[in-house]
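Protein sequence lines correspond, in order, to chains A and B. With the working numbering applied, the first sequence has no gaps in its numbers, which climb one by one up to 593 at the end. With the working numbering applied, the second sequence has no gaps in its numbers, which climb one by one up to 593 at the end.
Keep in mind the hints are simulated off the structure, nothing from the lab. Hints are supplied without guarantee of correctness; some may be wrong.
Heads up, the list lumps identical chains together, so a pair's fine if it works in one copy or across two of them.
As the list claims (entries may be wrong) - Calculated cross-link-like contacts (lysine-lysine; reagent style DSBU-like; alpha-carbon spacing at most 30 Å):
#1 Lys-563 / Lys-539
#2 Lys-257 / Lys-207
#3 Lys-539 / Lys-207
#4 Lys-296 / Lys-207
#5 Lys-219 / Lys-539
#6 Lys-257 / Lys-296
#7 Lys-257 / Lys-539
Number of protein chains: 2
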Amino acid sequence: MADSLPRSPLAPSAFPALPSIKGLRLAAGAAGVKYQGRDDVMLAVMDPGTAVAGVFTRSQTRSAPVRDCQAKLGGETSAGAAILVNSGNSNAFTGHYGQTSVDEIASAVAKITDLPTARVFTASTGVIGEPLPHDRIIAQIQSLNAGLDQNALEPAANAIMTTDTFAKGASAQVTIEGQTIEIAGIAKGSGMIAPDMATMLVYIFTDARVEQTALQAELSRICDRTFNCITVDSDTSTSDSLMLCATGASGVDATGNAEFSQALEAVMLDLAHQVVRDGEGATKFVEIQITGAASDSDAKVHGLAIANSPLVKTAIAGEDPNWGRVVMAIGKSGAAADRDLLSISFGEVLVAEKGWVSPDYREEDGAAQMTRDEIILKVDLGLGDGICTVWTCDLTHQYITINADYRS
Amino acid sequence: MADSLPRSPLAPSAFPALPSIKGLRLAAGAAGVKYQGRDDVMLAVMDPGTAVAGVFTRSQTRSAPVRDCQAKLGGETSAGAAILVNSGNSNAFTGHYGQTSVDEIASAVAKITDLPTARVFTASTGVIGEPLPHDRIIAQIQSLNAGLDQNALEPAANAIMTTDTFAKGASAQVTIEGQTIEIAGIAKGSGMIAPDMATMLVYIFTDARVEQTALQAELSRICDRTFNCITVDSDTSTSDSLMLCATGASGVDATGNAEFSQALEAVMLDLAHQVVRDGEGATKFVEIQITGAASDSDAKVHGLAIANSPLVKTAIAGEDPNWGRVVMAIGKSGAAADRDLLSISFGEVLVAEKGWVSPDYREEDGAAQMTRDEIILKVDLGLGDGICTVWTCDLTHQYITINADYRS
Chain A
186 MADSLPRSPL APSAFPALPS IKGLRLAAGA AGVKYQGRDD VMLAVMDPGT
236 AVAGVFTRSQ TRSAPVRDCQ AKLGGETSAG AAILVNSGNS NAFTGHYGQT
286 SVDEIASAVA KITDLPTARV FTASTGVIGE PLPHDRIIAQ IQSLNAGLDQ
336 NALEPAANAI MTTDTFAKGA SAQVTIEGQT IEIAGIAKGS GMIAPDMATM
386 LVYIFTDARV EQTALQAELS RICDRTFNCI TVDSDTSTSD SLMLCATGAS
436 GVDATGNAEF SQALEAVMLD LAHQVVRDGE GATKFVEIQI TGAASDSDAK
486 VHGLAIANSP LVKTAIAGED PNWGRVVMAI GKSGAAADRD LLSISFGEVL
536 VAEKGWVSPD YREEDGAAQM TRDEIILKVD LGLGDGICTV WTCDLTHQYI
586 TINADYRS
Chain B
186 MADSLPRSPL APSAFPALPS IKGLRLAAGA AGVKYQGRDD VMLAVMDPGT
236 AVAGVFTRSQ TRSAPVRDCQ AKLGGETSAG AAILVNSGNS NAFTGHYGQT
286 SVDEIASAVA KITDLPTARV FTASTGVIGE PLPHDRIIAQ IQSLNAGLDQ
336 NALEPAANAI MTTDTFAKGA SAQVTIEGQT IEIAGIAKGS GMIAPDMATM
386 LVYIFTDARV EQTALQAELS RICDRTFNCI TVDSDTSTSD SLMLCATGAS
436 GVDATGNAEF SQALEAVMLD LAHQVVRDGE GATKFVEIQI TGAASDSDAK
486 VHGLAIANSP LVKTAIAGED PNWGRVVMAI GKSGAAADRD LLSISFGEVL
536 VAEKGWVSPD YREEDGAAQM TRDEIILKVD LGLGDGICTV WTCDLTHQYI
586 TINADYRS
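Here chain A stands alone, though its shape is the one from the complex (with noise of 0.2 Å):
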């Protein structure tokens, strides 16, 4: 399905170059899960020492990989851990026959990695509430096993897309006194993007030594500026998984590193933005500025309500500058707001202020803004210091065809 929708209009030129990460090896292989001709299951094994965070939906029908995973965090790393993601089938709503999968991947891996099966995280994407033919994807783990490899991020970002028209990676490096540590990730995701707590299917690898409980905070904080600060169409998967692994081989302790923060929550952000650039049918990718809300968490209601309203959505896709209707959004979010305070912008075009229509604005100045492949839409509130970004894509009939032609 991925081969037959084309390549999204605000997709980076190429994959990235990723850094290798010490201490981590992948590969990708074909099980047949559902897609036929290309991968659809990944491996990613890491050396003993590995600490492991995540974050994951918290959708009350969500996935048994999901439910076994965090279940699974926070368990002791002396062990290594592995990570086994397929694509084609969510194994969501498929009873308790979906922990069973789990399970039989779980010790299919453990058993040839050598790991106990509380190290062996697993994630499945695709179709929800069919069986999961978990018998193909351990017929593939020997030879994935097999051929597990330092650099094998890039295939690994291709065998876990599903309506993905590109794979998706980013990397940071830091130097922490004189000795340099990778950080890289892979993602996938483009329908279903209103993450809660995380979005979609998301790994990111370091070499950097940090502690458990610190790198779970990181990881939580950092989430909370990103990847749940960005949407495609407002509704939450029942698979959202965002792990972050740290094996220490780099020999550098990274706990409570600053650098290393800021080095990680732009490799976040980047592969966040990546989601939204990939949405269904997305033509524009936006980003809503928030500001002077009555706080931050009124702030990101507003940006959300923007971000997720249809007919904001189908303005942009219209080339529409149409605030009116980031007015509505603004007015049904439910965060406080006064139409007499609030000030529009499209880019640096003030459009609206003191509760009507800028008085030098010129439609002319907002239709320009409207024709960019980007699109920055800030929005005032004059409240309090409130403040959120938020990144979306618009909503077009791509969407639809998308959505309505084809069972993803």
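Chain A is already provided as a structure; the job is to place chain B on it using the hints.
Showing chain B alone in chain A's frame:
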């Protein structure tokens, strides 16, 4: 603009024959506010003794006429009342000038109809953020007043349309102690429909006599079960207004009468359903029946989460019995759910139960349900006695066309 859109395939065959309401006269006219070659303004004038109740949008950026109506509700009834509505411009987010327009129009109506301005209600619907050319409306008031007629509900319903593809009306008759009272209403609305307290513009008239406070309480109660249970696109208008006027001209007191309540609810539900049937781009009318929720309010949260999900709505447009997306919507709603207790049916076809697809379910049975124009989707949470029924439509290419290609 309404002229250029094809009539909804879910529209009733014709506008219903509506009774005249004793104590009510109406007229429609063409003020040229925005649309050319059609009526765009309507005036309703009611006799002394009329009680007026209203429910309005809770939007924080609601329009000047909405704020004005809210301020005027509950005034004394001895003087009668009037309602003036224009389409083409919503007079929302028009700063202090918005209230000036309201005042000018209300004063002009008051003068000609010999009513106090405190009893003249106005409403405006259409584009947000453009100054209302109220002089054009005022120029029509004399001829509107001269043309007042007991049998003009249909032209009034036509005059208030914006992106509607058909005019909406409904009526009921109740006999109380051998005497007949009439209830008749009109509505407009097809996009920006996710009412909160009320929806779009709805005017209901009865010749019953109902005490003011009781009338307001009854309207609010029934609104929660009708207009507040519909959604087209999750976006809430800045102009939503629902008004109920009891002229008392039949001489029959219906205060607290259960049959009157039932008839009123039937009219309100009929109008609410017509708004959904005219949902922008709609090809399917969808009833979502939630049972077994932890509470009625939880049931409503689940119902609206399903009804507002773009992925559920596009699946319905594609006639895809994609119940996995229903599971997703329940999971993200935030209300209580247990994967292993919930069951989902399309019409009479049990699709999923006990955390998985039903053993007897056959895809072709689900697919057959989806080919219907009117689809019933049942979800039982298995948790308690909470129930709610919600109505929506599908999300189609035509919604994108209407909202990306036009400024409504």
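Hints versus structure:
1. Lys-563 / Lys-539: within (15 Å within a copy, 46 Å between copies)
2. Lys-257 / Lys-207: So Lys-257 and Lys-207 pass the 30 Å test inside one copy only (23 Å; across, 72 Å).
3. Lys-539 / Lys-207: For Lys-539 and Lys-207, neither the intra-copy (56 Å) nor the inter-copy (45 Å) Cα distance is at most 30 Å.
4. Lys-296 / Lys-207: Answer is within; shortest intra-copy Cα gap is 23 Å, inter-copy 84 Å.
5. Lys-219 / Lys-539: This pair counts as between: shortest inter-copy Cα distance 25 Å, intra-copy 55 Å.
6. Lys-257 / Lys-296: Result: close within a single copy only, 17 Å intra versus 76 Å inter.
7. Lys-257 / Lys-539: This pair counts as between: shortest inter-copy Cα distance 25 Å, intra-copy 53 Å.
Checked against the numbered hints given earlier, this structure breaks only hint 3.
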